[in-house]
Amino acid sequence: MSDASNIAKADSHSRMQYLIKESKAQNQLWILIDDDGCVMLNSEDEDCVPVWPSKDTADAWATGDWEHCKAEAISLNKWRSRWTEGLTGDELYVAVFPNEQEEGVILSPYEFEDALGKGR
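Add 87 to the 1-based position in the sequence shown for the numbering used here, that's all there is to it.
Certain hints may be false.
[As the list claims (entries may be wrong)] Using 35 Å as the maximum straight-line C-alpha spacing, the simulated DSBU-like pairs for lysine-lysine come out as follows:
1. K108 with K96
2. K165 with K111
3. K157 with K111
Simulated from the structure, these hints should not be mistaken for laboratory data.
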């Protein structure tokens with residue numbers, strides 16, 4: 088899908104807007120999981136759960152150390168009912184649609200939920 092590959096090269100803010108739009112349209116977002124749970128990224132200050140707008144964009148990250156991981160969809164209802172509270176309780180953040188350089192907007196779980204709700 089050329090639209091997804093083009094947006095993957097866009098700036099962090101544009102990728103976040105794309106993820107929000109696509110997640111709302113599909114009523115889901117995507118994470119990568121392995122036998123131990125979801126994969127994590129570490130920024131300078133936070134431990135983050137990366138999220139992607141599609142299976143293809145999540146699968147593109149399943150290389151190298153993560154080649155054993157698989158993409159898993161999470162409905163927005165499940166995200167709101169379980170993940171926001173769970174991530175907050177674990178003091179984790181959300182890395183929104185990171186690019187290959189592991190750059191992306193980092194939001195608290197509640198900030199991410201607010202962004203999903205507004206669809207900006």
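Now the hints, each set against the structure:
Between K108 and K96 the CA atoms are separated by roughly 17 Å; this keeps the pair inside 35 Å, and the hint holds. As the CA atoms of K165 and K111 are separated by approximately 13 Å, the hinted pair is consistent with the 35 Å bound. Proximity of K157 to K111 is assessed by CA-CA distance (about 22 Å); at most 35 Å being required, the pair is judged to hold.
In terms of the numbered hints stated before, the structure departs from none.
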